[in-house]
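Colleague: Letter by letter, the chains look like this.
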Amino acid sequence: DVKVTQSSRYLVKRTGEKVFLECVQDMDHENMFWYRQDPGLGLRLIYFSYDVKMKEKGDIPEGYSVSREKKERFSLILESASTNQTSMYLCASSTGQGPYEQYFGPGTRLTVT
Amino acid sequence: GEDVEQSLFLSVREGDSSVINCTYTDSSSTYLYWYKQEPGAGLQLLTYIFSNMDMKQDQRLTVLLNKKDKHLSLRIADTQTGDSAIYFCAEPNAGNMLTFGGGTRLMVKP
Numbered sequence: 002d003v004k005v006t007q008s009s010r011y012l013v014k015r016t017g018e019k020v021f022l023e024c025v026q027d028m029d030h031e032n033m034f035w036y037r038q039d040p041g042l043g044l045r046l047i048y049f050s051y052d053v054k055m056k057e058k059g060d061i062p063e064g065y066s067v068s069r070e071k072k073e074r075f076s077l078i079l080e081s082a083s084t085n086q087t088s089m090y091l092c093a094s095s096t097g098q099g100p101y102e103q104y105f106g107p108g109t110r111l112t113v114t
Numbered sequence: 121g122e123d124v125e126q127s128l129f130l131s132v133r134e135g136d137s138s139v140i141n142c143t144y145t146d147s148s149s150t151y152l153y154w155y156k157q158e159p160g161a162g163l164q165l166l167t168y169i170f171s172n173m174d175m176k177q178d179q180r181l182t183v184l185l186n187k188k189d190k191h192l193s194l195r196i197a198d199t200q201t202g203d204s205a206i207y208f209c210a211e212p213n214a215g216n217m218l219t220f221g222g223g224t225r226l227m228v229k230p
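Chains R and F, in that order, are what the protein sequence lines are. Under the working numbering, think of the first position of the first sequence as 2, with each following residue one higher. Under the working numbering, think of the first position of the second sequence as 121, with each following residue one higher.
One or more hints might be untrue.
As the list claims (entries may be wrong) - Simulated restraints, written as ranges between beta carbons of each label pair:
no., chain 1, residue 1, chain 2, residue 2, range
1, R, Ile61, F, Arg225, 20 to 26 Å
2, R, Glu70, F, Glu134, 27 to 33 Å
3, F, Asp178, R, Glu18, 42 to 48 Å
4, R, Glu23, F, Gly135, 41 to 47 Å
To be verified - Here are a few chain R residues that face chain F, going by a calculated C-beta distance under 10 Å:
no., residue
5, Val5
6, Gln7
7, Gly17
8, Lys19
9, Asp29
10, Asn32
11, Gln38
12, Leu46
13, Gly64
14, Met89
15, Leu91
16, Gly97
17, Gln103
18, Tyr104
19, Thr112
20, Val113
In case anyone wonders, no lab produced these hints; they're calculated from the structure. Quick reminder that beta carbons are idealized off the backbone N, C-alpha and C, glycines included.
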């Protein structure tokens, strides 16, 4: 079974702190994704990566950066957390071949106070 | 760009069938997906259907695809309280990404 893990289920940070969210997958998937999920807004893609050290902006990259130094690990970084970044963050991975289904981690609920 | 649409809410009684509907816009989509999200959890892939199929059945789940109308549905037979969740349909877009619908919250009443 594909397993995608995220470093924390719940996280509380203060405004202005630097925040790291870690995601690890164990299926040698090429593609990895970071989404945020907010009520009424569905899933919105923040960044994705299709290879080590490669990254592409998604729909809402502002205020975020990412790092992919190893194939299995994709990190989301909030350089200076703000209250409007309070959200559920979901990581996913997929192969580079059809049917392209994405496998999700359990999510990290981040609260910025 | 692509836009995947779903109704927001569906309520059924335990034991009834549930039908969750989805419309998509990209007629060239090769696969279409259904995901389930339980409270406080990530998304779990339920099933997917290849675009050259009209129907796919997997135990209590039946997926119907109408390519002409760009309509996808998920039928859950004998719905149980454990089926209460948010259901997302999704289609692929450029770059092997997925576009998700807004999700349908299924509430199952005992």
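Colleague: Against each hint, give a clear statement of whether it holds in the structure.
Modeller: Hint-by-hint comparison with the structure:
{"no.": "1", "hint": "R:Ile61 with F:Arg225: 20 to 26 Å", "in the structure": "holds, 23 Å"}
{"no.": "2", "hint": "R:Glu70 with F:Glu134: 27 to 33 Å", "in the structure": "violated, 49 Å"}
{"no.": "3", "hint": "F:Asp178 with R:Glu18: 42 to 48 Å", "in the structure": "holds, 45 Å"}
{"no.": "4", "hint": "R:Glu23 with F:Gly135: 41 to 47 Å", "in the structure": "holds, 43 Å"}
{"no.": "5", "hint": "Val5", "in the structure": "holds, 8 Å"}
{"no.": "6", "hint": "Gln7", "in the structure": "holds, 8 Å"}
{"no.": "7", "hint": "Gly17", "in the structure": "violated, 27 Å"}
{"no.": "8", "hint": "Lys19", "in the structure": "violated, 24 Å"}
{"no.": "9", "hint": "Asp29", "in the structure": "violated, 15 Å"}
{"no.": "10", "hint": "Asn32", "in the structure": "holds, 6 Å"}
{"no.": "11", "hint": "Gln38", "in the structure": "holds, 9 Å"}
{"no.": "12", "hint": "Leu46", "in the structure": "holds, 7 Å"}
{"no.": "13", "hint": "Gly64", "in the structure": "violated, 20 Å"}
{"no.": "14", "hint": "Met89", "in the structure": "holds, 9 Å"}
{"no.": "15", "hint": "Leu91", "in the structure": "holds, 5 Å"}
{"no.": "16", "hint": "Gly97", "in the structure": "holds, 6 Å"}
{"no.": "17", "hint": "Gln103", "in the structure": "holds, 6 Å"}
{"no.": "18", "hint": "Tyr104", "in the structure": "holds, 7 Å"}
{"no.": "19", "hint": "Thr112", "in the structure": "violated, 14 Å"}
{"no.": "20", "hint": "Val113", "in the structure": "violated, 19 Å"}
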